[in-house]
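*Asks:* Here is how the chains run, residue by residue.
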Amino acid sequence: MIREGSALPDIRPGGGRLAARFWNRLMLYIELMRMEFVNNLAYRTTYFTGIFNYSIQIGAYFFLWEAIYSGRKVLGGLNKEEMITYLIVAWVVRSFYFSNLDRRVAVEIRDGKIALELIRPYSYQMVKYARAFGEALFRIIFFAIPAGVLIYLIRPFGLPASWQNGLVFLLTMLGSFAITAQISMLAGFLAFFTRSTSGIYRAKRVVMDLFSGLLLPISFYPEWARNIIKLFPFQTVSYMPNLIYLGKISGVAALKVVLLQGFWIVVLGFTAFWFWRFAVKHVVIQGG
Amino acid sequence: MMKKPGLKDGIARHVVIFFHYMAQYMKTKMAYRADFFIYILSDLLLQSVNLIFLLVVFSKVPAIKGWDRNQVLFIYGFFLVPFGLYSGFFNHLFDVPEKYVLQGEMDRVLTRPLNAWYQVVVETMNPELLVGTVAGIIIMAYSGNAMHLDLTWWDIPLALVLVLGATLIYAGVYTFLASLGFWTEGNIGLMPMVYNLSNYGRYPMTIYRGPVRFILTWILPFAFVGFYPSTVLMHRYDYIGYALLTPLVGLISFAIAYRVWTAGIKRYRGTGS
Numbered sequence: 001m002i003r004e005g006s007a008l009p010d011i012r013p014g015g016g017r018l019a020a021r022f023w024n025r026l027m028l029y030i031e032l033m034r035m036e037f038v039n040n041l042a043y044r045t046t047y048f049t050g051i052f053n054y055s056i057q058i059g060a061y062f063f064l065w066e067a068i069y070s071g072r073k074v075l076g077g078l079n080k081e082e083m084i085t086y087l088i089v090a091w092v093v094r095s096f097y098f099s100n101l102d103r104r105v106a107v108e109i110r111d112g113k114i115a116l117e118l119i120r121p122y123s124y125q126m127v128k129y130a131r132a133f134g135e136a137l138f139r140i141i142f143f144a145i146p147a148g149v150l151i152y153l154i155r156p157f158g159l160p161a162s163w164q165n166g167l168v169f170l171l172t173m174l175g176s177f178a179i180t181a182q183i184s185m186l187a188g189f190l191a192f193f194t195r196s197t198s199g200i201y202r203a204k205r206v207v208m209d210l211f212s213g214l215l216l217p218i219s220f221y222p223e224w225a226r227n228i229i230k231l232f233p234f235q236t237v238s239y240m241p242n243l244i245y246l247g248k249i250s251g252v253a254a255l256k257v258v259l260l261q262g263f264w265i266v267v268l269g270f271t272a273f274w275f276w277r278f279a280v281k282h283v284v285i286q287g288g
Numbered sequence: 289m290m291k292k293p294g295l296k297d298g299i300a301r302h303v304v305i306f307f308h309y310m311a312q313y314m315k316t317k318m319a320y321r322a323d324f325f326i327y328i329l330s331d332l333l334l335q336s337v338n339l340i341f342l343l344v345v346f347s348k349v350p351a352i353k354g355w356d357r358n359q360v361l362f363i364y365g366f367f368l369v370p371f372g373l374y375s376g377f378f379n380h381l382f383d384v385p386e387k388y389v390l391q392g393e394m395d396r397v398l399t400r401p402l403n404a405w406y407q408v409v410v411e412t413m414n415p416e417l418l419v420g421t422v423a424g425i426i427i428m429a430y431s432g433n434a435m436h437l438d439l440t441w442w443d444i445p446l447a448l449v450l451v452l453g454a455t456l457i458y459a460g461v462y463t464f465l466a467s468l469g470f471w472t473e474g475n476i477g478l479m480p481m482v483y484n485l486s487n488y489g490r491y492p493m494t495i496y497r498g499p500v501r502f503i504l505t506w507i508l509p510f511a512f513v514g515f516y517p518s519t520v521l522m523h524r525y526d527y528i529g530y531a532l533l534t535p536l537v538g539l540i541s542f543a544i545a546y547r548v549w550t551a552g553i554k555r556y557r558g559t560g561s
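Residue numbers (the working numbering), protein chains in the order written: chain B, 1 to 288; chain E, 289 to 561.
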């Protein structure tokens with residue numbers, strides 16, 4: 001939803017050369033990002049109580065992992081310190097890439113607002129991604145970084161294995177955001193076919209929590225499960241970036257993770273594009 | 289002033305009213321039958337994440353701080369039983385500060401000749417979440433069977449008393465937090481924090497450090513909604529003292545909370561519009 005009164009750049013189609021149009025579009029998306037960022041500023045105090053809340057949640061897993069490792073050196077290829085770092089980094093970064101696009105899209109579809117979006121002169125998906133990214137940027141500044149610092153002060157955890165690993169890790173964070181946003185978008189589109197939106201959110205959450213490696217490193221799963229998980233984009237969201245942070249994946253292998261993320265972004269992008277076209281037609285037919 | 293009815297009439301009346309509310313609730317839900325069942329299924333799915341986590345971890349390690357797979361599953365199963373009751377009936381006490389105090393819904397509730405707390409609970413209940421309780425019983429049965437637990441005559445009555453105590457703890461804690469809304473007139477964001485802390489109760493207390501254990505036992509007594517009572521039901525008696533305190537802790541929590549609630553109601557002045 002675009003709030004009224006906001007200064008949107010002029011994007012009338014057919015207005016000039018291709019480059020100018022592209023520039024117009026880009027400015028539109030940047031403006032949307034900025035708007036979402038500023039909108040969120042109004043709620044920054046709620047975010048601060050959220051940090052304590054989040055820390056309590058991470059704390060439960062911290063105690064659990066500490067207990068699991070008592071008397072053991074290495075599990076699933078990680079020692080205790082690495083596991084604690086894995087856990088904290090996974091949750092802190094999640095507060096950046098986390099996406100509720102499924103909820104937003106599903107509500108618009110369910111309430112019929114989507115009809116209004118369809119007649120607007122921009123790409124529905126791109127607008128959603130731009131706004132989600134604005135919110136993610138807000139969360140990294142007002143949530144992820146303060147949460148990381150707070151947790152570091154309570155319980156110091158490992159820093160990136162090297163500066164190169166740190167850099168590639170930052171790059172994969174963008175990939176994690178994009179893939180999570182795309183999966184959420186696809187999940188949201190399911191609202192075209194069912195009214196049970198809460199079922200959609202929950203199913204997506206379960207799949208993401210278990211198969212992205214947020215709750216458990218994928219190396220903990222039995223081999224048959226790992227072979228199935230490999231076929232999906234989920235483990236490139238949390239598991240693989242965390243291993244880059246820890247230095248378990250470095251150099252060319254780390255860059256390959258970035259490429260793999262790129263591959264999934266393209267695949268998911270096409271899937272979402274076709275799914276959207278199919279679903280919109282479906283809706284038109286249903287609407288008569 | 290209303291004439292106070294006798295205790296027996298009072299209870300009967302509340303039960304009858306409960307079924308009336310229940311009937312209305314089912315009507316609203318049955319309008320979208322498929323969605324209702326998907327909602328229930330997805331709630332079970334959400335809970336299964338914790339179960340899968342434990343199963344995967346125990347495929348790698350035989351025990352966590354002296355508690356083996358079946359015992360930890362049993363604790364988790366027991367935890368789900370009062371948790372389901374809480375989710376079904378007390379979770380939406382969450383709405384009190386915002387919906388009932390700030391928006392003045394309490395006006396409507398207070399003009400009716402029925403206990404206000406009871407009205408709020410039956411108005412906001414989601415009894416379908418009791419499936420969590422059923423899931424918990426199944427997990428307890430499975431893990432109890434796997435550890436060759438022999439049921440004795442006192443197991444079932446004791447379990448009922450312990451579940452009741454644990455549920456009263458939830459009711460007490462959430463009633464207390466809801467009542468704070470009468471003073472703060474709006475949400476203060478404590479509830480999600482306490483909710484996250486309540487999840488600490490589903491693991492053996494031995495995994496926590498001293499101060500955390502102290503808080504979970506004596507301040508926000510979530511050690512009594514899962515771990516302590518479940519130990520005695522699996523016939524491990526090293527925490528029997530704590531376990532048998534569960535009903536008492538429940539009664540005390542709820543008694544304190546209910547007094548705060550009453551004080552809050554007295555303080556309530558409506559929205560003035």
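Each hint should be verified, as a subset may be incorrect.
Cβ pair distances, simulated, as ranges [claimed, not checked]: (1) Lys73(B) to Ile426(E): 44 to 50 Å; (2) Ser336(E) to Arg195(B): 21 to 27 Å; (3) Arg396(E) to Thr49(B): 26 to 32 Å; (4) Tyr546(E) to Gly112(B): 43 to 49 Å.
BS3-like mimics (lysine-lysine), calculated; alpha carbons at most 30 Å apart, straight line [said to hold, decoys possible]: (5) Lys73(B) to Lys353(E); (6) Lys204(B) to Lys296(E); (7) Lys348(E) to Lys248(B); (8) Lys113(B) to Lys281(B).
Keep in mind that the hints were calculated from the coordinates and are not lab data.
Since the model is a prediction, treat every value here as computed from it, not as a measurement.
Cβ coordinates follow ideal geometry from the N, Cα and C atoms, glycine included.
*Asks:* What hints, given by number in increasing order, does this structure fail?
*Replies:* 1, 6
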